[in-house]
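Trainee: Read off the chains here:
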Amino acid sequence: MNVIDDNNLLMRKVNCKLDILSRPDGSVLLSQGDTVVIAGVYGPIEVKTQKMLINKASVETFYRPKSGTPGIGDRLYESIIQNICETSLVSALYPRSSIVVIIQEMQNYGGIISCAVNACCFALLNSGIDMKFLVASASCALDDKGVFHLDPDKLLSDKAKANFVFVFDNIAKRIIASHTSGSFNLAQYEEALELCKKACDAIFDFYKTKMKNEIANKV
Amino acid sequence: MRESVITNCEKKFIIKNLEEHRRLDGRAFDEFRDLSIDFGRDWGCCYVSLGKTRVLAQVSCEIQQPKSSRPSEGILSVNVELNPLGAPHFEPNRQTDLFVILNRILEKCIKDSKAVDLESLCIKVNEKVWAFRVDVNVLNHEGNIIDCASIAALAALAHFRRPDITCDGEDTIIHSYSERDPIHTVIHHYPVCISYAIFNEGDVIVADPTLLEEGVADANLIIGLNGYKEVCGLHLGGKAFLDPDSILRCTTKAAGRANIVIQHIKKVLAEDSEKRNKGIVIGFESALSSSSADINSLEKLSLCLDNWKVQKKDKKESVVVTVESNSETHVDATVESLDESSAVLLPVEENGQQVWNVSSSESDSDVEMIVPQSFKKIKPSSTICID
Numbered sequence: 001m002n003v004i005d006d007n008n009l010l011m012r013k014v015n016c017k018l019d020i021l022s023r024p025d026g027s028v029l030l031s032q033g034d035t036v037v038i039a040g041v042y043g044p045i046e047v048k049t050q051k052m053l054i055n056k057a058s059v060e061t062f063y064r065p066k067s068g069t070p071g072i073g074d075r076l077y078e079s080i081i082q083n084i085c086e087t088s089l090v091s092a093l094y095p096r097s098s099i100v101v102i103i104q105e106m107q108n109y110g111g112i113i114s115c116a117v118n119a120c121c122f123a124l125l126n127s128g129i130d131m132k133f134l135v136a137s138a139s140c141a142l143d144d145k146g147v148f149h150l151d152p153d154k155l156l157s158d159k160a161k162a163n164f165v166f167v168f169d170n171i172a173k174r175i176i177a178s179h180t181s182g183s184f185n186l187a188q189y190e191e192a193l194e195l196c197k198k199a200c201d202a203i204f205d206f207y208k209t210k211m212k213n214e215i216a217n218k219v
Numbered sequence: 001m002r003e004s005v006i007t008n009c010e011k012k013f014i015i016k017n018l019e020e021h022r023r024l025d026g027r028a029f030d031e032f033r034d035l036s037i038d039f040g041r042d043w044g045c046c047y048v049s050l051g052k053t054r055v056l057a058q059v060s061c062e063i064q065q066p067k068s069s070r071p072s073e074g075i076l077s078v079n080v081e082l083n084p085l086g087a088p089h090f091e092p093n094r095q096t097d098l099f100v101i102l103n104r105i106l107e108k109c110i111k112d113s114k115a116v117d118l119e120s121l122c123i124k125v126n127e128k129v130w131a132f133r134v135d136v137n138v139l140n141h142e143g144n145i146i147d148c149a150s151i152a153a154l155a156a157l158a159h160f161r162r163p164d165i166t167c168d169g170e171d172t173i174i175h176s177y178s179e180r181d182p183i184h185t186v187i188h189h190y191p192v193c194i195s196y197a198i199f200n201e202g203d204v205i206v207a208d209p210t211l212l213e214e215g216v217a218d219a220n221l222i223i224g225l226n227g228y229k230e231v232c233g234l235h236l237g238g239k240a241f242l243d244p245d246s247i248l249r250c251t252t253k254a255a256g257r258a259n260i261v262i263q264h265i266k267k268v269l270a271e272d273s274e275k276r277n278k279g280i281v282i283g284f285e286s287a288l289s290s291s292s293a294d295i296n297s298l299e300k301l302s303l304c305l306d307n308w309k310v311q312k313k314d315k316k317e318s319v320v321v322t323v324e325s326n327s328e329t330h331v332d333a334t335v336e337s338l339d340e341s342s343a344v345l346l347p348v349e350e351n352g353q354q355v356w357n358v359s360s361s362e363s364d365s366d367v368e369m370i371v372p373q374s375f376k377k378i379k380p381s382s383t384i385c386i387d
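Listed in order, the protein sequences are those of chains X and S. Positions 1 to 219 (the UniProt record's numbering) are the ones given, in order, by the first sequence. Positions 1 to 387 (the UniProt record's numbering) are the ones given, in order, by the second sequence.
What the hints contain is simulated information worked out from the structure, not anything from laboratory work. What you are looking at is a predicted structure, and each value in this text was computed from that prediction instead of being measured. What you were told as hints is all true, and nothing was included just to trick you.
Taking lysine to any residue and the SDA-like style, the derived pairs with C-alpha atoms no more than 20 Å apart in a straight line are: (1) X:LYS66 to S:ASN93; (2) S:LYS275 to X:GLN107; (3) X:LYS48 to S:HIS89; (4) X:LYS48 to S:VAL5; (5) X:LYS66 to S:GLU91; (6) X:LYS154 to S:GLU179; (7) X:LYS51 to S:ASN93; (8) X:LYS66 to S:GLU62; (9) X:LYS66 to S:TRP43; (10) X:LYS51 to S:GLU91; (11) X:LYS66 to S:ASN103; (12) X:LYS51 to S:MET1; (13) X:LYS48 to S:GLN95; (14) X:LYS51 to S:PRO92; (15) X:LYS154 to S:TYR177; (16) S:LYS111 to X:GLY68; (17) X:LYS66 to S:TYR177; (18) X:LYS51 to S:ARG2; (19) X:LYS51 to S:ARG94; (20) X:LYS48 to S:MET1; (21) X:LYS154 to S:SER60; (22) X:LYS154 to S:ARG41; (23) X:LYS154 to X:THR180; (24) X:LYS66 to S:ALA131; (25) X:LYS13 to S:ILE280; (26) X:LYS159 to S:SER178.
Work the whole structure out from these sequences, hints included.
Mentor: Structure (structure tokens):
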């Protein structure tokens, strides 16, 4: 998946397998380089009375780490994904019900948030629930020399001066979420934004080809 | 979401089928579903599937102070997590009955049977020992979680390598995996759980029950066994009036199965270490790209049922029925309809020529034909139900 023909600005290989679990309504195993996650979606399903909303579906997200109980970092991922799902889903169609999105970490070698968001979108597509638009996420890292690395692995993002994660929609290419850590200036932020936007276009293409193949296989 | 209840209809149907020695997925009573074990790139990470039940296990370690009662032994804890991914009624961090039972049985089977050599995990008596934690995440609940979880936990423990350490007087230095070769864990014996579901007060005992069978069963019998045919744990849950002989018979049968499972675990472990020695990158991403066995090997029945279609037949038209069986034998024949309620099966000869003719001339019937679409791996017997 080449975005620009430059080593720093290459994305790691993205691959996925749909319908890997039988219980959830939609599920996917997505790998981005060495980072692998499983995402599953249940919905719309029965909701607990304390979480019931009368005008729309309540969206619940879970991020499960491989080992141990979820910590603060995992809660952060959960809330990022929850926000993205709430904006992209047409939850008003399913009042008094709930939509549950679960992300299971399988292998974490950097860029887990992007991978989780992309997997989540795939799982939602696979479940056939109504969405306003698709979402795709890309991340990049800024190293000490001021060089950008697209889709960094664990080593690069640990050493980086700043890390950026952006999520875009596929219709107007607007920013759905932006998550940064470290220090940078405005120009660098804008450069990172442009870089991730291009990478997201490639991911949208990947969604399209994958779903086309999937449907062609079923028919 | 509450757990969906099993209807009386389903219960009656399953029990009636079992009385006729038939299981919904076409297995024999003592037949187990397919087992596959994949290892991740990290040490001690494995993904096990038993039929459609999926489990992910990961071992992690840290240095802790030992328990005062056992100052020279390491600590092992097994923790099964009912991930909300597994079934919609699973809630995280909730101690349900199933959660408690699963954890206790696994603890009995692996920890209490002393499968792992805990004394070798001691660094300094009374001060520092390794504490291992096995996290088992249930990803898809299609029955018999315990077998799957016990295999995953054991394979993960056997696969795990802990970092090397050096003791320098008071200080302990932990070397990262890149600095020094990691150390593998000593495992004395390989205990696995084998479960059976009991119906009709012990008349019918089936191995490796599916979700539906588990729900209908009167009781379930879980036997922990190792490769030496030693029982490492026994659990009989539910209300079963089971005579001791049946338990003994089950145990003997389970011992055979345990051996097969343990051989399988050892085989995949050896394959994995061979690949790692050669420096081949392994991980879930490579399992993904290889389009070998479909990860969700859809069970034959649902696939078969999905592919049955009812077609309205308008004119006299011959339908080619191709049956593809496991042993790759092809049976080609044409069905020629004669009447509203009759049809004739014309075999096609080896040279492909049609040598048989229909004697009746009745045609132009409006028979509804049920045509099986292309389905894979269906035993020939299951195609008889064209009606």
